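Given the coordinates of chain A, work out where chain B should sit on it, guided by the hints.
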Amino acid sequence: MANDPIHQFQIQKIFPIEVGGMDLSFTNSSLFMVLTVASAAAFLIFTTSGRGLIPGRMQSVSEMAYEFVAGMLRSSAGTEGMRFFPLVFSLFMFVLVANLLGMFPYFFTVTSHIIVTFALAMLVIGTVTIYGLMRHGTKFFHLFAPSGVPPVLLLIVAPIEVVSFISRPISLSVRLFANMLAGHITLKVFAGFIVSMGAAGGLSAVGAILPLGMTVALTALEFLVAFLQAYVFTVLTCMYLNDALHPSH
Amino acid sequence: MAGDTQSNAELNTELHIPAEEHGAGFPPFDSSTYASQILWLALTFGVFYWIMKNVAVPRIAGILEDRKDRIAGDLAEANRLKQETDEAIAAYEQALAEARAKAHGIASETREKLKAEQDARREKAEAELSEKLAQAEKHIAGVKSEALGQIEEIAGDTTSALVEALMGKAPTKTDLTKALKSAMN
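Protein chains in written order, with this note's numbering: chain A, 1 to 249; chain B, 250 to 434.
Okay, chain A solo, but in the shape it has when bound (with noise of 0.2 Å):
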């Protein structure tokens, strides 16, 4: 069972609830979700407690996150777009602490599940479209019929463009939920490796440094795509935002 690298996906009730036949129990999945959203509210809420003219470290993190995102969200939909700021920076901190929670040795990794992604990734998509429709009304629509193009092309862009726009909430959540599933398989792979060579004994024990090594590179890529893959989620929100807001490419 410490071998399985999949068990660190496992969903396990820790209150189970049932309502109408539908099973809704809190888990080790709810509860790190909570985790999630406590310690990073909690993170940005306490550090800026200070409203310190000459931010901390601390309050310098907050700020930090705050204009990187506010910068990501501007660059590519204007200062209209800050309108969806809070959802933006909301998507962006939940995933990264829950990207970041995940890193924690027998913590359960909230983004690994493709359904979480891909909840998140409709609410982005359905935002866009529901903005999109509402702010636009059937100018929406010029987003699969891009100006400039000559109507006959259009019979082949126009799918094409339709085929983007329903396949991009696929796109987003499978990015994320893959990096993160896959990343973890891997570290605990060669986790697993050292455990294994290490029991051996003799020339293997010895040999059970190299993905002792591998273990501690991963660590640290693990990392990065944790950030990464935050960043690129909240850069594609940014950008499928930009549509809601400017259809007319």
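Hint data in this document are derived by calculation from the structure and do not stem from the laboratory.
Source: prediction; values computed, not measured.
By construction, the Cβ of each residue, glycine as well, lies at the ideal position given by its N, Cα and C atoms.
Take these hints with a grain of salt, some might be off.
[Stated by the list, open to error] Below 20 Å or equal to it, Euclidean Cα-Cα: the simulated SDA-like pairs (lysine to any residue) are:
hint, chain 1, residue 1, chain 2, residue 2
1, B, Lys422, B, Ile403
2, B, Lys317, A, Ile156
3, B, Lys302, A, Ala38
[What the hints assert, rightly or not] Among chain B residues calculated to face chain A with C-beta under 8 Å, some are:
hint, residue
4, Pro277
5, Thr293
6, Phe294
7, Asn328
Just chain B now, kept in the frame of chain A:
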């Protein structure tokens, strides 16, 4: 059938998957957990969004805004002070230029005054000198004419004495004068 169970059990031990979880398969694709995950994600993310929107984001935005205002205010204050300094420098330079012009004026005025005084003194001295010169010339002329007058007398006396010694008889005054006049001319 018994063999199948046997091999299944063996497979389970090999993969270290507990028998009760085996049926669930790969956990992320186990749709029986989806409802719970979506519900809890919606709840937690909803709360998180609410906290971000109402507490964290306005607070950080406020901090950044305050800092921006403060920096802008400080810059404006610095600009104002710089302007004041520039004005003070300009006023100082103007005062300096004025003082210089005034000093120049005073200097040239003094120079003029001194020159006038000097000229007056020199003129006075010159006048005195020329007066003295005239007096001296007059004196010399007086002495000269006096001396010349006495020459006639002396010559007359001498001539009279000579004539008396030669002829034993003094000439008359009229003859003497006539003779002297012709001799002197």
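Okay, the hints, checked on the actual structure:
1. Lys422(B) to Ile403(B): Holds - the C-alpha atoms of isoleucine 403(B) and lysine 422(B) are around 14 Å apart, at most 20 Å.
2. Lys317(B) to Ile156(A): Violated. Lysine 317(B) to isoleucine 156(A) sits at ~50 Å, over the 20 Å cutoff.
3. Lys302(B) to Ala38(A): 15 Å, holds
4. Pro277: Check passed: Cβ of proline 277(B) comes within 5 Å of chain A, closer than 8 Å.
5. Thr293: Holds, because the Cβ-Cβ distance from threonine 293(B) to chain A comes to roughly 4 Å (cut-off 8 Å).
6. Phe294: Holds, about 6 Å.
7. Asn328: With Cβ-Cβ at 20 Å, over 8 Å, it is violated.
Of the numbered hints listed earlier, those contradicted by the structure are 2, 7.
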